[in-house]
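Engineer: Start from the sequences, fold in the hints, and give me the full structure.
Given next are the chains, with one letter for each unit.
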Amino acid sequence: MTVLRAGATCAGASGTCAELRLEGLGLAYGARWAFRGVDLIVPACRISVLVGPSGCGKSSLLSTLNRLDELQDARCEGRVLLGKQDIRAEPDPVLVRRRIGMIFQRPTPFPLSVRANIEVPLCEHGVRPAHAREERIETTLRAVGLWDEVRDRLDAPAQQLSGGQQQRLCLARALALQPEVLLLDEPCSALDLRAAGHIEDLILSLRGFYTIVLVTHDLAQARRVADRLALLWPGADGGRLVGVGGADLGLAEPLPDASATAYLRGERVAVAGLARTAMKSGV
Amino acid sequence: MRKLDLMLRDQALLGVALVSTLALIGASTWLVIDLLVTAWPRLGWHLLWQAPARAGRAGGLSSILVATGAIVAIGLLLAAPLGIAAAVALSEARSRWADVVRTSLDLLAGAPSIVLGLVGLLLFGDLLGLGYSLATGGLTLALMVLPLVIRFAEVGIRSAPAEQRAAAAALALSRWTTLRRIVLPAALPSLAAAITLSIGRALAETAALVFTAGGSDRMPTSWADPGRTLAVHIYDVALNVAGGDASAAAAAVVLLAILLVVQVALIVCLRCGRSR
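Line order of the protein sequences matches chains F and L.
1 is the number of the first residue of the first sequence in this note's numbering; add one for each residue after it.
1001 is the number of the first residue of the second sequence in this note's numbering; add one for each residue after it.
Everything labelled a hint here was simulated from the structure, so no lab data went into it.
Note that the coordinates shown come from a computational prediction; the quantities given were computed from them, not determined experimentally.
From the three backbone atoms N, C-alpha and C, an ideal C-beta is built for every residue, glycine too.
There may be inaccurate statements among the hints.
[Claimed, not checked] Listed next, with one range per pair, are the computed distances between beta-carbon atoms:
1) F:R79 <-> L:L1108: 46 to 54 Å
2) L:S1216 <-> F:D92: 56 to 64 Å
3) L:G1131 <-> F:D92: 46 to 54 Å
4) F:D227 <-> L:V1100: 47 to 55 Å
Structural biologist: This is how it looks when you write it as structure tokens:
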């Protein structure tokens, strides 16, 4: 894979890529908790995968990590430490989001050209001069395997690309800002199998360079890519973290919650409390 | 049997739709043909560059076209930036006051133009001392089309997908960049529609302008001069000038032609904007 940054170690803009530490994290929409009481350590430079049935608050949890929840009327409690800094307490969310990139379920290219999709954020964050931006655009497009496909149509509208290409462009756009952390919110679920496989390979190729948090409901994929697996389970009072472990979480040793164990083993399971908490974050 | 009923109903619906479409096309075609026939003796390129003579019975429309252009330009140059800025503010605002503003805008949009004309006369003509002038007319027109521009622009601005806004926020783009590079381009078709509709309303306006821009058909030399717009001219010649029918129809043909040009120009602009 193309090394995105100088050096073989995981060196972000501020030095090394740091671990994320979630302490007593919770998010409520009005009176309803999407999830609550989450304590979790996301190790640096590893792929941590968050799984759980839909409506358990996975996407909401992800949105608190780069403070996108602030775009909605939501209330957040607890702390998120990136290295030593509490990013929930940082006055300027822009500084947080520069260090933490995010990919969404549906590809979100801007209604601009392929080039401008990457160049606009680069300009915004002061990458100068122009040839430095050009270089960064090529490097990141190569890193996501898109360069050879789009090199002749960099000025064509990004929305003319296929779904898989769009998602890789979004990944390139996030990587171009050289974040330390990547948040991936079901990045494959809107894509066909081949494109999804491509994205999965890309995620694996980024292991060791970024602290990655992947949210998915595809258990098989979770087990394929995870260094760490965490299960968020819906409860009466919002989603709760019921198990954290390696990629084989729940297989050898059952979790205290029988239905959570059944879920992790791919069995059919009736999820209690889901109706009350089934509220998508909408981000 | 039931199947036959359904088929008949479908056919009947199709028939009704077809007849009403044809009726609509027929009515407007008839209108245009009637206008052209009435205007025929007076039609010609001289309309564009000759000054009106004998109260509009003879000559061209040069001074009237200049006054129309000036008033519409003043109105739009004020209303478009103000309206777009207001729409941005409204779409970003989360307070209850935004709804109050929207309701007042709807009221303003529904106000009869003759009332707006009186308001314009009092506010701009008397209070600001602009008198009967192109400036007073332009300001009054701006007041009139402002609600239209704001509501349309707001719809356009809201049409930018929430996902793209979230993506922009996740890339730590500022609100200004998000607005300029993502939201406004997505709103462009709505903005263009708003501008076209505003030009249409402005060109067609009579009541509000009789009071504010005056009715003089002399060539205006500054924004402080009074001037007569095409619509006011048509109204005056058709109603007050004996034997002015052909002249009024000719002016109406010119007005329709201008509207057509404006429409086509905007469509072309949008095409270019999109393919860029």
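Engineer: Output the indices of the hints that this structure fails to meet, ascending.
Structural biologist: Checked against the structure, no hint fails, so every one of them is satisfied.
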